[in-house]
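**Student:** Please model the entire structure based on the sequences and the hints provided.
Listed below are the residues making up each chain.
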Amino acid sequence: MNEAIKISRLTKSYGTHTVLKGLDFCVQQGEIFALLGINGAGKTTSLECIEGLRKYDSGSITINGIMGIQLQSASLPKYMKALEAVKLFAKWNKAPLDKAALDTLGIYEFSKKPYYQLSTGQKRRLHLALALTRNPDILFLDEPTAGLDVEGQISLHEQIRQLKAMGKTIILASHDMAEVENLCDRIGILSGGKIAFIGTVEDLCETIGKHYNITIQTENGTEKYESENIGDSLLSLLTQYREKGETITDIQIDRGSLEQHFIKIAKGA
Amino acid sequence: MGAFLYGVSLQWKLDIRSKTLLITCYIVPLLFFVIMGGIFTSVMPEARYTLIQSMTVFGVTMGALIGLPPSLVEIYSSDIKKVYKANGVPLFLGLALTNISAYIHLFLMSIILYIAAPLVFHAEIPENPGRYFISLAVFIAVSLSIASIIGLAVKDQAKTSMFSIMIFLPSTMLSGIMFPMELLPEAFETTGKLFPATWGYKLMTECVFKFESLFPFLLFFVSAVVICDILLRRIDK
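From first to last, the protein sequence lines stand for chains U and G. Here the first sequence is numbered in my numbering, starting from 6 and rising by one per residue. Here the second sequence is numbered in my numbering, starting from 6 and rising by one per residue.
Since the hints were made in silico from the structure, they are not lab data. Don't be surprised by glycine CBs; every beta carbon is placed ideally from N, CA and C.
Capping the alpha-carbon separation at 16 Å, the derived lysine to aspartate or glutamate pairs in EDC-like fashion look like this:
#1 G:90 x U:53
#2 U:83 x G:84
#3 G:160 x G:84
#4 U:128 x G:84
#5 G:86 x U:53
#6 U:128 x U:154
Stretch by stretch, here's where chain U covers chain G in the computed footprint (C-beta under 8 Å, at least three residues):
#7 6-17
#8 84-98
**Tutor:** This is the structure:
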């Protein structure tokens with residue numbers, strides 16, 4: 006697989022505060038890659054440097070392909086209608102109007118509405134359509150489903166999967182771990198201005214180790230336990246409860262969530 | 006070129022949909038014309054000789070200084086500029102399109118005044134219409150260039166209105182369209198020369214082109230273009 010993006014030793018400071026301290030990572034062509042990090046980790050700065058919206062101090066960024074960018078906080082003139090915006094951007098980029106893509110994104114449902122009358126979901130879809138006007142090879146999506154209802158999120162996830170199926174490389178920034186787990190091939194976790202982890206969600210779980218949450222409900226209440234050896238822990242707990250003479254009414258076991266693993270990496274590095 | 010022309014026509018439509026520009030470029034100047042035109046020609050019958058010029062100076066100054074900056078603030082002090090930049094649309098496009106569209110609206114409003122003033126108030130048509138319209142074209146361009154500085158330099162709509170009014174009021178009051186310049190105290194007369202409206206009124210009422218009347222426009226325009234370029238670079242950072 007070829008690299009769509011290669012970042013080497015990227016540094017960026019704001020005054021005396023160094024945000025990126027030698028960032029290194031690659032994104033492969035055709036994959037959905039999520040860049041994660043707690044607030045202030047340098048996620049937005051990294052993305053803006055890659056997108057060319059912000060100058061960096063040193064290092065190198067190699068982009069193989071045309072970029073399309075959907076910003077998290079984006080706007081258009083109040084009275085500009087959805088289809089007018091798409092036409093303006095397409096004409097300026099000398100690109101034909103991709104009616105099939107507009108149809109897939111459902112732009113025609115609100116094409117004659119001025120921007121200020123669009124719902125949050127419609128605005129997100131419109132900005133995604135604008136990012137697609139150049140027929141990009143690499144698509145940046147910054148918090149694409151923020152502010153959307155469940156139906157809107159499901160619909161947008163489906164559209165993102167369709168874009169991946171078309172061979173596009175997608176770089177996603179998101180706070181929604183379920184979304185990341187659901188959509189992404191690989192993730193990169195930023196911590197302290199560097200990549201603290203890069204790999205698949207499964208790799209992340211392996212890195213952290215097997216981790217289980219056990220919830221036991223009895224007539225007297227609910228108790229929660231954490232375990233790395235589910236077999237031994239469960240046997241021991243059942244024995245303890247039997248010895249105490251308590252009747253177990255329900256047991257729930259789940260593997261640690263991506264959130265828990267993410268927080269361990271992001272804060273631990 | 007096709008993209009640019011589409012942008013101009015789109016901006017023209019956006020301006021028509023925006024009530025701000027409709028009010029500042031058409032409704033207020035034309036209402037001012039109806040009321041003040043009636044008063045001027047009743048109180049001073051000789052005002053009809055310069056009525057077209059004085060009402061046009063008021064309308065263009067108002068449309069440019071009060072009407073244009075909010076459109077620029079909307080683009081350059083919001084996330085719109087980031088969307089433009091991120092999707093390959095150059096940053097100067099917003100400035101160019103809003104200026105061209107406002108130029109067309111102000112020229113149209115001036116033509117309405119040119120036609121209506123003789124019919125309603127028996128105003129005198131300028132001796133040389135060709136020369137008058139060239140002077141008008143220069144005056145509109147310079148007024149818009151000054152308005153562009155306000156729109157690019159100020160970050161929010163409330164402050165924009167304040168700065169626009171701070172320039173608009175002395176521009177119209179001291180330009181000679183309300184009181185003859187000679188009757189103003191020297192300090193006010195000198196202050197009036199700092200604004201394009203004064204020179205615009207002079208240029209449009211003169212019978213022949215004089216370099217000394219055009220020179221201030223050149224100075225205003227070049228300075229404004231340089232300042233706008235600096236402000237756009239600052240916004241781009």
